[in-house]
Amino acid sequence: LFSVENVSEAVTARRVLVLERLAAMKAMLLGAAAPMIEPDQHCHTPYECPFWAHCTKDKPPRWIYHLPGKKDLVSQLVRQRVTTIDDIPEGTRLSDAQQKVKNNVEWVSSELGSLLRSLRYPIHHLDAETVMLAVPRFPFTRPYQALPVQWSNHIELESGEVVHQEFLHAEASEPRRRWAEALIESLGNSGSILVYSAYEAGLIRQLADTFPEFKSAFQEIGKRLWDLLPVIKDHYYHPAFNGSYSIKSVLPAVVPSLGYGDLAIQEGGHAAAEYYRMVFVETDWVEREVIREALLRYCARDTLAMVELRRVLRGKAECHGGEKVTGVM
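Going by our numbering, the letters in the sequence shown line up with residues 21 to 349, in that order.
Some clues are possibly wrong.
Claimed, not checked - As a list, the in silico DSS-like pairs of lysine-lysine whose alpha-carbon atoms are at most 25 Å apart:
hint: 1; residue 1: Lys268; residue 2: Lys77
hint: 2; residue 1: Lys122; residue 2: Lys253
hint: 3; residue 1: Lys79; residue 2: Lys122
hint: 4; residue 1: Lys77; residue 2: Lys122
hint: 5; residue 1: Lys79; residue 2: Lys268
hint: 6; residue 1: Lys336; residue 2: Lys268
hint: 7; residue 1: Lys91; residue 2: Lys122
hint: 8; residue 1: Lys253; residue 2: Lys336
hint: 9; residue 1: Lys122; residue 2: Lys336
hint: 10; residue 1: Lys79; residue 2: Lys91
hint: 11; residue 1: Lys90; residue 2: Lys268
hint: 12; residue 1: Lys268; residue 2: Lys122
hint: 13; residue 1: Lys77; residue 2: Lys91
hint: 14; residue 1: Lys268; residue 2: Lys253
hint: 15; residue 1: Lys90; residue 2: Lys77
hint: 16; residue 1: Lys253; residue 2: Lys91
hint: 17; residue 1: Lys253; residue 2: Lys90
hint: 18; residue 1: Lys79; residue 2: Lys90
hint: 19; residue 1: Lys90; residue 2: Lys122
hint: 20; residue 1: Lys268; residue 2: Lys91
hint: 21; residue 1: Lys243; residue 2: Lys253
Worth flagging that the hints you see were computed from the coordinates, not collected in a lab.
Please take these sequences and the hints and turn them into a complete structure.
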């Protein structure tokens with residue numbers, strides 16, 4: 021499985037470049053002010069820069085980088101000295117999603133209502149959280165493999181009652197079997213299963229391959245999955261999305277009373293880091309319990325968000341299907 025290769029020559033060739041870059045980085049860190057670098061595509065390559073919010077805080081609300089889709093067009097417009105979405109020249113070829121952002125009005129598709137009515141009770145709202153370990157700790161896993169450790173399921177019954185079920189594997193043992201068994205029991209054999217992205221579908225397919233005894237159950241679950249993200253992308257737009265369809269952008273625009281600001285954990289990367297600290301780092305039991313509660317609240321908020329999004333969107337579809345909604349700019 022392993023082989024030894026001498027890469028000394030390649031390393032030696034790059035050593036001078038590394039030393040030069042380190043010298044430049046040290047000089048930057050010793051400087052009195054942050055470097056003057058205009059935010060651009062390099063801020064997202066090879067990973068998201070944590071200073072993006074800081075460097076863009078003074079940009080206009082309709083900054084050109086809020087235009088969704090591939091950023092090649094954005095770079096082209098920036099070279100033409102276009103700074104806001106409103107300044108995009110007429111005749112510029114835009115995708116449907118980009119045109120909605122440029123129009124800057126709330127829009128509801130005439131098909132949204134029928135799509136939402138196609139859901140079958142009990143309606144499950146599912147979110148899963150994973151941890152990715154650089155060094156595999158469990159047999160038959162690979163570096164950085166997404167291992168499911170948590171899920172939340174808000175279940176809306178036909179009566180309108182909403183029931184919440186959840187699971188968190190809070191031990192330093194192989195999590196997947198217990199995660200799968202608990203989820204299969206929670207989802208049962210009936211009802212649509214709402215998710216927000218294709219992530220959960222991928223996890224379920226992965227587990228179906230890993231555990232043959234769960235394959236049949238997960239195949240049936242896969243048939244019931246209903247992804248809300250592409251439905252919103254194709255059938256609803258609100259100016260407050262700022263070109264982003266992530267649930268963190270969509271929720272405050274559609275349901276202003278419900279957000280993530282009151283939570284100790286507010287996004288998935290932080291959740292994964294805190295899970296690692298709770299399970300794999302020597303942490304006292306009080307701190308572990310604080311982290312556990314924060315993880316449960318965060319995951320539950322994601323699925324409650326789907327319940328509320330669906331409720332509000334259903335009302336908008338009944339009132340405004342196929343229309344631009346006046347008064348929202």
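Consistency of the hints with the structure:
Restraint check: the Cα-Cα separation between Lys268 and Lys77 comes to about 18 Å, which is no more than 25 Å; the hinted pair holds. For a cut-off of 25 Å, the pair hint linking Lys122 to Lys253 stands: about 15 Å separates their Cα positions. Taking the CA atoms of Lys79 and Lys122, the gap is near 17 Å; set against the 25 Å cutoff, the hint holds. The hinted pair formed by Lys77 and Lys122 meets the criterion: a straight-line CA distance of about 21 Å does not exceed 25 Å.
Restraint check for Lys79 and Lys268: satisfied, since their Cα atoms lie roughly 20 Å apart, inside the 25 Å limit. Of the supplied pair hints, the one linking Lys336 and Lys268 holds, its CA atoms being roughly 20 Å apart against a limit of 25 Å. Taking the CA atoms of Lys91 and Lys122, the gap is about 15 Å. The hint holds against a cut of 25 Å. At roughly 15 Å between alpha-carbon atoms, Lys253 and Lys336 fall within 25 Å of each other, so this suggested pair holds.
For the hint linking Lys122 to Lys336, the alpha-carbon distance of about 21 Å falls within 25 Å, and the restraint holds. For the proposed pair Lys79 and Lys91, the alpha carbon gap of about 17 Å is at most 25 Å, so the pair holds. A hinted pair counts as satisfied when its Cα atoms are at most 25 Å apart, and Lys90 with Lys268 qualifies at roughly 20 Å. Note on Lys268 and Lys122: the hinted pairing holds, with a Cα-Cα distance of about 21 Å set against a maximum of 25 Å.
Under the criterion of a C-alpha separation no larger than 25 Å, the hint pairing Lys77 with Lys91 is consistent with the structure, at around 19 Å. A C-alpha spacing of about 14 Å is found between Lys268 and Lys253, which places the hinted pair at or below 25 Å, so the restraint holds. Taking the CA atoms of Lys90 and Lys77, the gap is about 22 Å. The hint holds against a cut of 25 Å. Distance check on the hinted pair: Lys253 and Lys91 sit about 18 Å apart at the alpha-carbon level, within 25 Å; holds.
A distance of roughly 16 Å separates the Cα atoms of Lys253 and Lys90; the hinted pair therefore holds under the 25 Å criterion. For a cut-off of 25 Å, the pair hint linking Lys79 to Lys90 stands: about 20 Å separates their Cα positions. Taking the CA atoms of Lys90 and Lys122, the gap is about 15 Å. The hint holds against a cut of 25 Å. The hinted pair formed by Lys268 and Lys91 meets the criterion: a straight-line CA distance of about 21 Å does not exceed 25 Å.
In summary, the hint linking Lys243 to Lys253 is supported, as the alpha carbons are separated by about 21 Å, within the 25 Å threshold.
Violated hints: none; the structure is consistent with every hint.
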